[in-house]
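Enquirer: Protein chains in written order, with UniProt numbering: chain W, 1 to 697; chain E, 1 to 697.
Hints should not be assumed to be uniformly reliable.
[Claimed, not checked] Here are the computed lysine-lysine pairs in the DSS-like style, where the Cα-Cα straight-line distance is at most 25 Å:
(1) W:Lys638 <-> E:Lys638
(2) E:Lys111 <-> W:Lys338
(3) W:Lys415 <-> E:Lys340
(4) W:Lys25 <-> E:Lys415
(5) W:Lys90 <-> W:Lys115
(6) W:Lys638 <-> E:Lys535
(7) E:Lys123 <-> E:Lys111
(8) E:Lys154 <-> W:Lys415
(9) W:Lys546 <-> E:Lys546
(10) W:Lys613 <-> E:Lys325
(11) E:Lys683 <-> W:Lys25
(12) E:Lys535 <-> W:Lys154
(13) E:Lys25 <-> W:Lys340
(14) W:Lys535 <-> E:Lys415
(15) W:Lys572 <-> W:Lys504
(16) E:Lys578 <-> E:Lys535
(17) E:Lys325 <-> W:Lys415
(18) E:Lys638 <-> W:Lys535
(19) E:Lys338 <-> W:Lys111
(20) W:Lys32 <-> W:Lys154
(21) E:Lys32 <-> W:Lys415
(22) E:Lys581 <-> W:Lys581
(23) E:Lys546 <-> W:Lys581
(24) W:Lys415 <-> E:Lys25
(25) W:Lys613 <-> E:Lys638
(26) E:Lys613 <-> W:Lys638
(27) W:Lys149 <-> E:Lys415
(28) W:Lys325 <-> E:Lys613
(29) E:Lys581 <-> W:Lys546
(30) E:Lys613 <-> W:Lys613
(31) E:Lys154 <-> E:Lys32
(32) W:Lys32 <-> E:Lys415
(33) E:Lys638 <-> E:Lys499
These are calculated hints, taken from the structure and not from any lab test.
What follows is the residue order along each chain.
Number of protein chains: 2
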Amino acid sequence: MQDNLSSFFEPQSVALIGASSNPSKLSYGILKNISQYGYRGGIYPINPKSNEILGFPCYSSILDVPEEVDLTVIILPAEIIPQVIDDCGKKGVKACIVISGGFKELGEDGKQREKELEISTRKYGIRIIGPNCVGNINVYSGLNTTFIKGMPVKGGIGFVSQSGAVCGGVVDHVVQEGIGFSHLISLGNEMDVNETDMISYLADDENTHVIACYVESIRDGARFMEVAKHVSKKKPIVLLKAGKSELGAKAVSSHTGSLAGSHTAYSTAFKQAGVIEVSSLRALLQTSMALDMQPLPQNKQAVIFTNAGGPAALLSDSLDEHGLKLANLNEKTQQMLKAKLNPAAQTMNPVDMLGGATQGEYAQAMRVVKENNDAGILLPVLVPQALVDPVAVARAIISETQNSQRTTIACMVGKQSTQEAKLLLHQQHIPLLDYPEDVGEVLGGMLRYKAYHDAPAETLEISRIAQKEEARSYFHGLADQKQFGEAETRPLLELYGVKNVEGKRADSLAEAQQAAKELGYPVVIKVISDEILHKSDAGGIRLDIKDERSLADAYQDMLTDVRSHAPEAVIKGVLVEKMQKQGEEVIVGMKWDANFGALLMFGMGGIYVEAFKDVSFRIAPVSEVDVRNMIAETAAGKILNGLRGIRYDIDAVVQTILALSQVCLDFPEIQELEINPLKVFSKGDGAAALDSRMIIK
Amino acid sequence: MQDNLSSFFEPQSVALIGASSNPSKLSYGILKNISQYGYRGGIYPINPKSNEILGFPCYSSILDVPEEVDLTVIILPAEIIPQVIDDCGKKGVKACIVISGGFKELGEDGKQREKELEISTRKYGIRIIGPNCVGNINVYSGLNTTFIKGMPVKGGIGFVSQSGAVCGGVVDHVVQEGIGFSHLISLGNEMDVNETDMISYLADDENTHVIACYVESIRDGARFMEVAKHVSKKKPIVLLKAGKSELGAKAVSSHTGSLAGSHTAYSTAFKQAGVIEVSSLRALLQTSMALDMQPLPQNKQAVIFTNAGGPAALLSDSLDEHGLKLANLNEKTQQMLKAKLNPAAQTMNPVDMLGGATQGEYAQAMRVVKENNDAGILLPVLVPQALVDPVAVARAIISETQNSQRTTIACMVGKQSTQEAKLLLHQQHIPLLDYPEDVGEVLGGMLRYKAYHDAPAETLEISRIAQKEEARSYFHGLADQKQFGEAETRPLLELYGVKNVEGKRADSLAEAQQAAKELGYPVVIKVISDEILHKSDAGGIRLDIKDERSLADAYQDMLTDVRSHAPEAVIKGVLVEKMQKQGEEVIVGMKWDANFGALLMFGMGGIYVEAFKDVSFRIAPVSEVDVRNMIAETAAGKILNGLRGIRYDIDAVVQTILALSQVCLDFPEIQELEINPLKVFSKGDGAAALDSRMIIK
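Please construct the entire structure, taking both the sequences and the accompanying hints into account.
Expert: Here is the structure:
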């Protein structure tokens, strides 16, 4: 497939079908862009009404072109494109970029038209980018099939975008800033080639050091995760997801016509796949630039060199927010700094060299710190001052950080006085940010990536204790209904090794009393009814029943209560369970996500679930390390781990989550599965599912 | 005081003491700035070694100036400044800006020097800005006493900064962007004039519509709150606080030598005083610009007009994050839009007019929405496209929003193609942001301000039920120690109307049994010991004791337990209390903040306090509305309000917090006071303090 895709970016020749000689037409702009940035292959405008455009001989049809054509760029009314594709097929074209809109994004008619387009391309095995895109730019070969004004300089950022406009906006932002790119790829409707294909392609592209993505939806989440996990071990993927909120999702869906999944599943997937998710378009550019230009930080210790206290304070806040530290400069280092700097300078970190600090002082201070401290991150900060030349300071920063193996990000708080310094720094691969508050997110992203990159590969868990055959026959023997309560869910969980609270089903008071006798008092009773999913809200639970007589009272009382709360509910019986000793109640659940599959959840259980929303997520399959991290992320996890003095049996929770993961992978028919509460006992004493329920798709 | 301060900004004449004829000196730059931006008063450089500088006759001493001098700007070695101040005093100078550093910021010696400076200025009643500042700019009069390069255009932002460098950085950012200012004021060490004085001054300055502040610490928090509350009713204060995190606070404190308070107290104070706290320097500029240029939003409904879906999705995410909504466009409005726009355009909100959208389409779409929808906010978004002129679109936006009374913020995603449009929009008072993600924070700040501005003035509560005389004599009769447990804290709370759990003190088992008999079983017993503040951790509590015999067992058991946990603790007795019925446990507390005074806290109580940190804060004194909001902000408040089906007695919690507030205002000697837990019963049944403690300063 890779070879196939290379025709988009390294074609021997390209034809523009729908070329125009009218400079006010987009297709004129495209031909100009194809021809003006050094692309060396054949260029063939196709238009039956022109003889030549921009000096290139024009052909009536792709079939008339004397040479072979690898790539066509099509900008024509949507209706006639399937016919044109047919010609391309006959000509042996390998790849085709369809700029034109008028397809899926317009609704039903357009969808139909896109279907036809798909059929005609399949017939010839032609790969398609688009339709409804703005084209691609290969900065290294100079092939620019867009109508975007300007061309970024060469660099290592490969940019993949589900919005053509965002591509254009990015170019408009960076062309004067010297931020270098390898590719800019607009994907349009993703009829054929999608974001995952492009990530995979850029992973093998030697000019690309960082893959930057703007994404609105990912349709094949499982494949995305598989590819991204693999690619992230090799080079970083930085990603901005639009449509995170309900409002944003609405904006996306009216835009692309595709249903955006919940953001929880997306951000969980990104984290698990080592993808650096960023919060803004600005952070997407800044983080990608830093990853392209600089080595990964060797540690989270940073040193700030500044000529002003205020911006250093803002920068420190930003570092703190993203988990970075200020390195401790020891007495000796501080003495050496004092000797080189203004006597009034602050030699703690931030190193504040005061307003008059010269390029020489920046160089001296950075040198002293490099030689005496292991901090992985150097952060020179400058506020333009009357007597200091930002370009000279930029030169000092460049010479002190070259080959230093320290991650360097410069910050100059200004605009009119700092543009020349910025260009110079960017040319020398040192990122310059205009505002100190932006630095933390960039470094935080780099550190998260480094942690993923350096972590040993983990084995995804396949449960060894599941009795799969029995589970299969039990599951397929379930009644034909969508919702199942505890009585039906328990046996399935049990077959995967989940310990349920000891209990028995009873159809009468006598049976219940018999069951209680066998289990031993105190017991709990719960109503069994398909219509009642939240038993406690319907009065369908009685706790801590101490003897036979209390059981009789509780039994009658509960049934009366349930009948008044839910008169239409069919009561199938009661569960008699052993009353459990003291423990912490947690929730373990799974919700099927349309894009990514089984989304596992863990958190504080019981009555506080809704109030605190103390939950964390992972997408199955998971490794044991994943699950332990998932637990540790929550307050519930901290409580289990001894926050209140008692250490609970976290291992039992881990096993329960792994079991749930396996159930959901084995039975993708399950839409939701929840154990709430799972009662966790002291370390070594295990855990027991006190209640569970399940919804089938 | 106001009149006094006006000499800094509207002097009839200004002398620069320490003027230099050497263009590489800062003082040369200052004289140039004083003279080049249209200031019309007298200008007198003072330097015994020069005859004239920049065409101005030079004087040996301020005493030689033939005219009266209102303002002097001093840039001289720190040591000789007190002497110079003496001359200024003799000359009758009213105000003095001391640019020079070498004072408090250098440590002990400098502090001493600053003290001397203060004494000499007090003697003559001279007001001082600085020392260690970069001077001020009055954009309207043209008086610029800084050495900053460039001068912003005239506008309504009055900028006050505790960092001179931040002032310089801001100017460097805005001079080419047409963002208008009234004043830029660098405060330096705030020996005399501080941020609160300047807020108060700018509140009455007719050229200033918005007060923007960069702040590192506020020393007199109470006065700041009083002034800011008042000013915020008149014009908005936008504020960025540096040193929010521990790292940042360290950076600030090594910088200004002042101790930064905890950020919780700061952000609580800002919220209560109507101050719009922002998260970054960029947001400070953007929010101030929007407040200066645009009317406040009439509601939180926004309509997006865009030529690209991606940026509209990012913008929608940003709106959602800050509590804004996308207005619903009704069928009729959508029909009218369809008639005016490209048939493929999306007429839902965001209104996506597609890539080719012209200025005419922007104008038409905005007009239709203005005439058919009440949304208070209009958000035109443009991504530069090959065939669309950003300046023409800017003109359309200007003509459609003038006199519209809708808050308009434009967003153009780019840089190279959008600068001219930006300048034009800013000249016409429409803010243009480069990135869609920035819009939400700006509008969110405007809406928060509007809510404060429009809210009726509230009466701060003075408790009517406190028995102040009795409280005073009780409090002053307390033993001479720092920490007090429940036994000593209960009576004080009671005198302020707080209901404690019913209980009695006992010194022996027999007394305890007698007390329990009177209270009625079941009871709780708790140890009384000054050395034990966390009774449950020390084994000093026994719950739910049902009869006399159990009490005997529990009594012995508890004392044995306490003695093994805290062998050195002196046990003064036990408290016997009535066991309380079911209720929710919350925490109500107060911690004295060095800058702002009594910081009240409310949140989830009991064992989950530490795990969830579900707490909210207010600074005393508070209104009843403040307290109700404070409760509503937490998950605990939602639970009390019926989240789990039961509504609890919130009124009783409100009264308890008001009482606590009053105790702390009446006894500023109290460092900490905490009721944990306060057990809240069902609506109408009140609340009871189950435990309390107190620390005296």
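Enquirer: Look at each hint and say if it fits the structure.
Expert: We went through each hint and held it up to the structure:
Pair hint Lys638 (chain W) plus Lys638 (chain E) holds up; C-alpha atoms about 23 Å apart against a cutoff of 25 Å. For the given pair, Lys111 (chain E) sits about 21 Å from Lys338 (chain W) by alpha-carbon distance, which is consistent with the 25 Å threshold. For the given pair, Lys415 (chain W) sits about 40 Å from Lys340 (chain E) by alpha-carbon distance, which is inconsistent with the 25 Å threshold. Annotation: proposed proximity of Lys25 (chain W) to Lys415 (chain E) holds, straight-line Cα distance about 23 Å (limit 25 Å).
Taking the CA atoms of Lys90 (chain W) and Lys115 (chain W), the gap is about 20 Å. The hint holds against a cut of 25 Å. For the suggested pair Lys638 (chain W) and Lys535 (chain E), the alpha carbons sit about 22 Å apart, so the restraint of at most 25 Å is met. Between Lys123 (chain E) and Lys111 (chain E), the direct Cα distance comes to roughly 19 Å. Compliance with the 25 Å bound is thereby established for this hinted pair. Among the hinted pairs, Lys154 (chain E) with Lys415 (chain W) is consistent with the structure: their alpha-carbon atoms are about 19 Å apart, no more than 25 Å.
Annotation: proposed proximity of Lys546 (chain W) to Lys546 (chain E) holds, straight-line Cα distance about 17 Å (limit 25 Å). Distance hint between Lys613 (chain W) and Lys325 (chain E) is fulfilled; the C-alpha atoms sit about 23 Å from each other, no more than 25 Å. Between Lys683 (chain E) and Lys25 (chain W) the CA atoms are separated by roughly 71 Å; this puts the pair beyond 25 Å, and the hint is violated. Distance restraint check for Lys535 (chain E) and Lys154 (chain W): the Cα-Cα separation of roughly 67 Å exceeds the 25 Å cut-off, and the hinted pair is therefore not satisfied.
In summary, the hint linking Lys25 (chain E) to Lys340 (chain W) is supported, as the alpha carbons are separated by about 22 Å, within the 25 Å threshold. With a C-alpha separation of about 59 Å, the suggested pairing of Lys535 (chain W) with Lys415 (chain E) is violated against the 25 Å cut-off. Using a Cα cut-off of 25 Å, the hinted pair Lys572 (chain W) and Lys504 (chain W) holds, with the two alpha carbons roughly 13 Å apart. The hinted pair formed by Lys578 (chain E) and Lys535 (chain E) meets the criterion: a straight-line CA distance of about 17 Å does not exceed 25 Å.
About 34 Å separates the Cα atoms of Lys325 (chain E) and Lys415 (chain W), which puts this hinted pair outside 25 Å; it is violated. Distance restraint check for Lys638 (chain E) and Lys535 (chain W): the Cα-Cα separation of roughly 22 Å lies within the 25 Å cut-off, and the hinted pair is therefore satisfied. With a C-alpha separation of about 20 Å, the suggested pair Lys338 (chain E) and Lys111 (chain W) falls inside the 25 Å cut-off, and the hint holds. Taken as a hint, the Lys32 (chain W) and Lys154 (chain W) pair is honoured in the structure, with Cα atoms around 20 Å apart against an allowance of 25 Å.
Pair hint Lys32 (chain E) plus Lys415 (chain W) holds up; C-alpha atoms about 22 Å apart against a cutoff of 25 Å. Restraint check: the Cα-Cα separation between Lys581 (chain E) and Lys581 (chain W) comes to about 22 Å, which is no more than 25 Å; the hinted pair holds. Taking the CA atoms of Lys546 (chain E) and Lys581 (chain W), the gap is about 21 Å. The hint holds against a cut of 25 Å. The hinted pair formed by Lys415 (chain W) and Lys25 (chain E) meets the criterion: a straight-line CA distance of about 23 Å does not exceed 25 Å.
Restraint check: the Cα-Cα separation between Lys613 (chain W) and Lys638 (chain E) comes to about 13 Å, which is no more than 25 Å; the hinted pair holds. Between the alpha carbons of Lys613 (chain E) and Lys638 (chain W) the distance comes to roughly 13 Å, so the proposed pair stays at or under 25 Å and holds. Pair hint Lys149 (chain W) plus Lys415 (chain E) holds up; C-alpha atoms about 12 Å apart against a cutoff of 25 Å. Taking the CA atoms of Lys325 (chain W) and Lys613 (chain E), the gap is about 23 Å. The hint holds against a cut of 25 Å.
Between Lys581 (chain E) and Lys546 (chain W) the alpha-carbon distance is near 21 Å, which keeps this suggested pair within the 25 Å criterion. Only pairs whose Cα atoms come within 25 Å are accepted, and Lys613 (chain E) paired with Lys613 (chain W) is accepted, the gap being roughly 13 Å. Taken as a hint, the Lys154 (chain E) and Lys32 (chain E) pair is honoured in the structure, with Cα atoms around 19 Å apart against an allowance of 25 Å. Restraint check for Lys32 (chain W) and Lys415 (chain E): satisfied, since their Cα atoms lie roughly 22 Å apart, inside the 25 Å limit.
The straight-line distance between the Cα atoms of Lys638 (chain E) and Lys499 (chain E) is roughly 23 Å, inside the 25 Å bound, and the hint therefore holds.
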